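Asker: Take a look at the letters that make up each chain.
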Amino acid sequence: MTEKNRENYNKNYIAYVNSFDPPTHHFKNCLRAFGVGGFICCIGQFFRVVLEAFGLSGDELAGTVSVLLIFLGTLLTGLGVYDRIGRNAGAGSIVPITGFANSVCSPAIEFKTEGLIYGLAAKMFVVAGPIIVYGVLSGTIVGIIYWLLG
Amino acid sequence: MAKHTIIFDKRPRILSTGTVAGPKECAGVVGKYVDKALADDMFGESTYEKAECKMLTYAIGKAIENAGMKEEDIDMMISGDLLNQIISASFAARDFDFPFLGVYGACSTMSESLALAAALIDAGYFKRIVAATGSHFSSAERQYRYPLELGNTRPPQSQWTVTGAGGTVVADGGSDIAVTGATFGKVVDFGITDVNNMGAAMAPAACDTILTHLRDTGREADYYDLIVTGDLGALGSRIVKDLTWEKGVDIQPNHVDCGEIVYNVIEDEFQGGSGAGCSAVVFSSYLYDKLKRREINRVLFAATGALLSTVSSGQGESIPCICHAVSIENVR
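Protein chains in written order, with this note's numbering: chain A, 1 to 150; chain B, 1 to 332.
To be clear, the hints were calculated from the coordinates, so they are not data collected in a lab.
There are no misleading hints in this set.
Quick list of simulated restraints, FRET-style, between CB atoms:
#1 A:ARG84 / B:GLU72: 46 to 54 Å
#2 A:GLY58 / B:PRO155: 38 to 46 Å
#3 B:MET42 / A:LEU116: 15 to 23 Å
Some chain B residues close to chain A (C-beta under 10 Å, calculated; not the full set):
#4 LYS50
#5 PRO147
#6 LEU148
#7 PRO156
Every value quoted in this text rests on a predicted model; they were computed, and no experiment measured them.
The C-beta atom is built at its ideal place from N, Cα and C for all residues, glycine as well.
Using the sequences and the hints, build the whole thing.
Answerer: Shown next as structure tokens:
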């Protein structure tokens with residue numbers, strides 16, 4: 001078979017395979033993500049209201065709420081619950097800060113068998129690393145644009 | 001046209017099998033037939049890799065025991081697995097006092113090692129060889145995909161790596177179940193790059209080897225009671241039937257896929273099972289039992305493997321696949 005024929009053949013095969021793709025239920029997925037994501041935000045809001053009653057405010061308040069949510073995400077990951085939530089909720093449990101905690105905690109648990117330094121610590125950021133890198137990069141770019149516009 | 005098939009004159013026999021499988025697998029079709037059903041997929045070990053190695057060691061030891069033999073009766077073991085540098089197989093081999101041939105055919109390792117064992121025995125070089133392989137969901141998942149506890153969603157085309165191991169003792173006589181022929185497959189790549197759609201990537205390889213086997217032997221598809229593929233899954237099985245049909249061969253009535261039948265799909269297994277352990281466990285427990293009871297008499301066992309690595313898929317390479325077939329028949 002020539003190169004050109006092979007390419008065409010593969011293209012046809014891939015198109016045939018794609019015809020089996022089950023339809024993605026966008027509406028249902030969005031609804032679930034909205035429900036679960038919203039629920040996580042409600043928990044955050046609950047922490048906020050309680051902490052406000054203890055007299056926290058401003059940056060202190062925001063920071064403490066984040067820390068509590070990160071703790072909750074990490075705890076649920078360690079208990080083996082968060083991946084079950086994530087399987088059904090999709091973006092609803094990935095996008096909030098609890099999802100970020102899950103993405104740091106899960107490889108740490110997984111790779112601790114290879115030691116505390118080269119396993120747990122080194123592999124801790126295999127999933128979250130790209131989020132941090134591109135998060136900082138896009139933040140810097142937006143910052144520069146903002147600065148240029150005065 | 002060159003032949004890719006060996007017909008074994010001396011018809012090496014399968015004397016016995018040894019199998020072990022995880023809890024999820026034992027809830028399915030193989031549960032009744034395995035030698036050991038694990039309640040805990042760690043198998044009493046501290047890491048998943050050690051558990052996988054222990055399962056393989058168990059399957060090899062059990063197969064030898066079931067043959068009524070001792071370690072010193074065995075001439076060699078041929079084995080491989082999915083982990084980098086096939087550590088499970090080589091680490092299992094250090095517990096045994098016979099030579100070891102490590103092979104890698106990804107999920108096709110079971111039929112590859114069976115074919116090699118039969119060829120070495122048929123040629124008269126060895127008398128008794130153990131062919132074995134296994135896989136573990138959690139060790140495969142962390143090598144190829146994501147940490148277990150990561151809260152991501154599995155795509156609907158994906159399959160679930162089987163936790164289990166199977167071994168067989170192949171010998172120059174002593175049973176009615178014979179390995180009568182073997183077809184070595186060539187690497188086939190139809191350009192699939194989606195690592196979650198192994199069934200679609202591997203189906204063309206299965207089709208190629210099955211058709212080559214039938215052509216080389218001059219047999220019709222209905223010569224076999226069962227044409228068994230390894231781990232194409234539900235989608236891949238559908239594709240392989242379409243592909244062979246296109247070439248004028250109808251395998252629909254007697255085709256069975258180990259991956260498709262291994263689970264009672266209840267959670268996220270989607271297209272079914274996969275992994276080297278999938279075909280090893282289903283063949284060595286369920287199908288071997290049917291052969292022994294003579295409920296089926298002629299089986300073409302064609303396990304498929306996807307020969308990718310995380311590096312190759314990271315670099316955007318498509319997935320080359322392979323399929324080796326062995327014909328196993330009840331003879332007098």
